[in-house]
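Visitor: Fit chain B to the given chain A structure using the hints.
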Amino acid sequence: MIEVLRDNWSFLLWGYFPNGPIGGLAMTLLIALASLAITFPFAIAMALARAMGPRWLRVAAATYVTVMRGIPLLMLLLWIYFFLPVALGFPLSPFVTIVIAIVIFQTAYLSEVIRAGIDALPYGQTEAALSLGLRKPVIVAKIILPQALFNVIPGIINQFTSVVKETSLAYVIALAELTYSASLINAQLMVKPLEVYLVLAMFYFVLCFSLSQVADMLDRSISAKRQASPAR
Amino acid sequence: MPKLDFSPIFSADYFPLLASGLKMTLLLFAAGWVFSMLLGMVLTLVRGIPFRPLGWLVAAYVEYQRNIPLLVHLFIWYFGVPQALPHWLNDWINQQNAEAFFAIVAIACYNAAYISEDMRSGLRAIPRVQFEAARAIGFTFVGAMRWIILPQAFRNALPALISQTLIIFKGTSLAAVIGVAELTYQARLIESETFRVFETFSVITIVYLAGTLPLMALGHHVERRGKTRSRA
Chain A
1 MIEVLRDNWS FLLWGYFPNG PIGGLAMTLL IALASLAITF PFAIAMALAR
51 AMGPRWLRVA AATYVTVMRG IPLLMLLLWI YFFLPVALGF PLSPFVTIVI
101 AIVIFQTAYL SEVIRAGIDA LPYGQTEAAL SLGLRKPVIV AKIILPQALF
151 NVIPGIINQF TSVVKETSLA YVIALAELTY SASLINAQLM VKPLEVYLVL
201 AMFYFVLCFS LSQVADMLDR SISAKRQASP AR
Chain B
1 MPKLDFSPIF SADYFPLLAS GLKMTLLLFA AGWVFSMLLG MVLTLVRGIP
51 FRPLGWLVAA YVEYQRNIPL LVHLFIWYFG VPQALPHWLN DWINQQNAEA
101 FFAIVAIACY NAAYISEDMR SGLRAIPRVQ FEAARAIGFT FVGAMRWIIL
151 PQAFRNALPA LISQTLIIFK GTSLAAVIGV AELTYQARLI ESETFRVFET
201 FSVITIVYLA GTLPLMALGH HVERRGKTRS RA
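Same order as they appear, the protein sequences are chains A and B.
Numbered per the numbering used here, the first sequence spans residues 1 to 232.
Numbered per the numbering used here, the second sequence spans residues 1 to 232.
These are calculated hints, taken from the structure and not from any lab test.
Incorrect hints may appear among the rest.
Dumping the calculated DSBU-like pairs for lysine-lysine here, alpha-carbon to alpha-carbon at most 35 angstroms [said to hold, decoys possible]:
id : chain 1 : residue 1 : chain 2 : residue 2
1  : A       : Lys142    : B       : Lys227
2  : B       : Lys227    : A       : Lys225
3  : A       : Lys136    : B       : Lys227
To spell it out: a stretch of chain B is covered by chain A in this simulated footprint if at least three of its residues, at any positions, have a beta carbon under 8 angstroms from a beta carbon of chain A; those stretches are [as the list claims (entries may be wrong)]:
id : segment
4  : 55-67
5  : 158-171
6  : 181-191
7  : 212-225
Residues of chain B placed beyond 12 angstroms of chain A at every Cβ, according to the derived structure [as the list claims (entries may be wrong)]:
id : residue
8  : Leu26
9  : Pro82
10 : Arg146
C-beta: ideal position from N, C-alpha, C; glycine also.
With the rest of the complex left out, here is chain A:
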């Protein structure tokens, strides 16, 4: 295992970069960060639609979330990989394909996380703000969202961990992220599949475990802060 790691660590970390295309863990992180950044505004909009939109919008958003929860990400990825280019009339790169898939999928999950944060705020705050004469958009932007988003930071980090794990599906469309890079190494070495894939697992473990530890730490400090505040 040490040998596999010694000979291939740079390829697993960043592929052929800077002498060639970027790959490995760097690509995994690129996909994950790009997906999360694009998902974020959509997820907030979706959460607001579900928490306080008009009835038809609430129903539409709930349907979207339900359908997304009901299909495997792999199925969605295949839809986008094989069907979207036909529908659009132009090809999509594997990177764009996986990012679109994760964005569509995670908008549903992340919106649920954010909605939980919105629902957890006491409704009295909104009522107080209304009675002070603030308008709905102002209440959402200045009172609801800042608190709700702050309180769900741990949830968002945990969702990011899920996204990192989901990027492994890019293997299916031959995008050189961490899992695909490892499979290339395995194909080259031929005789050490167990070692190669355990090294791969170690990479994911280090990244995701650290992320979830950070989320736990923040969760503890945030809930301690919320319990200390007299307003609740």
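Guide: Structure of chain B alone, referenced to chain A:
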């Protein structure tokens, strides 16, 4: 856009593929579910034994499973582990369906980690004094567990267990990547032979939704019922 035509998928050439794919998906799901529940229970029990190192072992197992993508677990089991197994065992596995065998093992081990955590938090939600009170009025250890603790713990954990059941069902789609001929795999096959991307994927997506929507409805129902009952 060409006209929709679902007839090839339901023709004598391709419908058997669809049916056998569904059968394999259901097999992976059923076997994966049963074994992950059993392993999850064992893990929860072992963690309950008041001997620290055992608890650490279970915790390490849970973190190992949860922080590595299921796809990588599938690769480790299918490509890696046979390298370490004795010949006679590999021969035996290969006489069965090796792909499906390792897929079930990977799915069961992966989800067992989540299930044991769900069960543990269901148990932890019950105040310890209930157990002590039960012992004080003469219940045996097993009796207190059987009549007081476990029924409540089960009810607490039920929503999480149902949502994990949903995840197991969706997770079976990943087995397609190591070549298990389940629904997603057959979808790819039918699509590449008929060129009916939209029709094929629609049918498969609907089949998945037919499995997941009732599960989600059940989860919703149980969650609501749990809330009203614990309030009373």
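Visitor: Any hints from earlier that this structure breaks? Give me their numbers in increasing order, please.
Guide: Of the numbered hints given earlier, the structure breaks just one, which is hint 9.
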